[in-house]
Amino acid sequence: MDEFRIETERLILRAWRDEDASPFHAICNDPRVMEHLGPLQSAAEIDAAIARQRAFQRNFDCCFWAVERREDGAMLGFCGVKPGPAGTPIEDRLEIGWRLAADAWGKGYAREAAQATLDHVWAQRTSASVWAITTPGNVRSWGLMLRLGMARHEELDFDHPALPADSPLLRHVTYSIARPS
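The sequence shown begins at 367 in my numbering and counts up by one.
Calculated directly from the structure, the hints in this document are not laboratory data. Check before you lean on any hint, since a few could be wrong.
[Claimed, not checked] DEER-style ranges, computed between Cβ atoms:
hint	residue 1	residue 2	range
1	A468	S547	30 to 40 Å
2	E385	P546	29 to 39 Å
3	A544	E385	31 to 41 Å
4	P546	D525	26 to 36 Å
5	E401	D525	13 to 23 Å
6	E369	S547	24 to 34 Å
7	A489	D525	29 to 39 Å
8	D438	P397	23 to 33 Å
Remember, it's a predicted structure, so these values are computed and weren't measured experimentally. By construction, the Cβ of each residue, glycine as well, lies at the ideal position given by its N, Cα and C atoms.
Could you put together the complete structure from these sequences and hints?
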């Protein structure tokens, strides 16, 4: 079976590899990256996260794929789609998500990867829409959602069931984009 791969002008979105664990661990242990995502993550938590993405790819033919810079092969983070988390308004809907290393911010990589992901969804899947969630304070993330043409659904804002009630990241906002006509 061929490895999953989407190529853009500057990026490759691809299946996860064992060697991604170390650079992804560094990304997930940067307080700037994790500010709106949760605590820094251990090597075991990173391994489990990558295993979850691989399982999504096997079971649903999609996941938050590894993002690599074409120019030098650097692992920048992830971007892709997967089923939305249980207990949320987007449960079982197609969720788009991204997480990039802080030194990759401000270069248009997240938008390039997210647009390639949406283009892939519209070309390869029958989904009527794609959804996204984030914390209200994650201005970079919901700003990208708006730049992608996503619309906010204030009536679907929620407290994330996977977080403790006293978490400053508990509240989440919900966005979606419909399949182009």
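Quiz item: How does the Cβ-Cβ distance of A544 and E385 compare with 31 to 41 Å: does it lie in that range?
Solution: At 37 Å between Cβs, range holds.
Quiz item: Falls inside 13 to 23 Å, the C-beta gap from E401 to D525?
Solution: With Cβ atoms ~19 Å apart, the hint holds.
Quiz item: Between D438 and P397, does the C-beta distance stay in 23 to 33 Å?
Solution: 25 Å, holds
Practice problem: State, for the Cβ atoms of E385 and P546, whether the hinted interval 29 to 39 Å holds or is violated. | Solution: Between E385 and P546, where Cβ atoms are some 36 Å apart, the hint holds.
Quiz prompt | Range hint 24 to 34 Å (beta carbons of E369 and S547) holds or violated | solution = With Cβ atoms ~33 Å apart, the hint holds.
Practice problem: Can you let me know if the beta-carbon spacing of P546 and D525 is within 26 to 36 Å? | Solution: Holds - the Cβ-Cβ distance for P546 and D525, about 32 Å, lies within 26 to 36 Å.
Self-check item: Range hint 29 to 39 Å (beta carbons of A489 and D525) holds or violated
Solution: 35 Å, holds
Self-check item: S547 and A468 - C-beta distance against the hinted 30 to 40 Å
Solution: Cβ of A468 to Cβ of S547: about 37 Å, so the range 30 to 40 Å holds.
Going down the numbered hints, you'll see the structure goes against none, and every one checks out.
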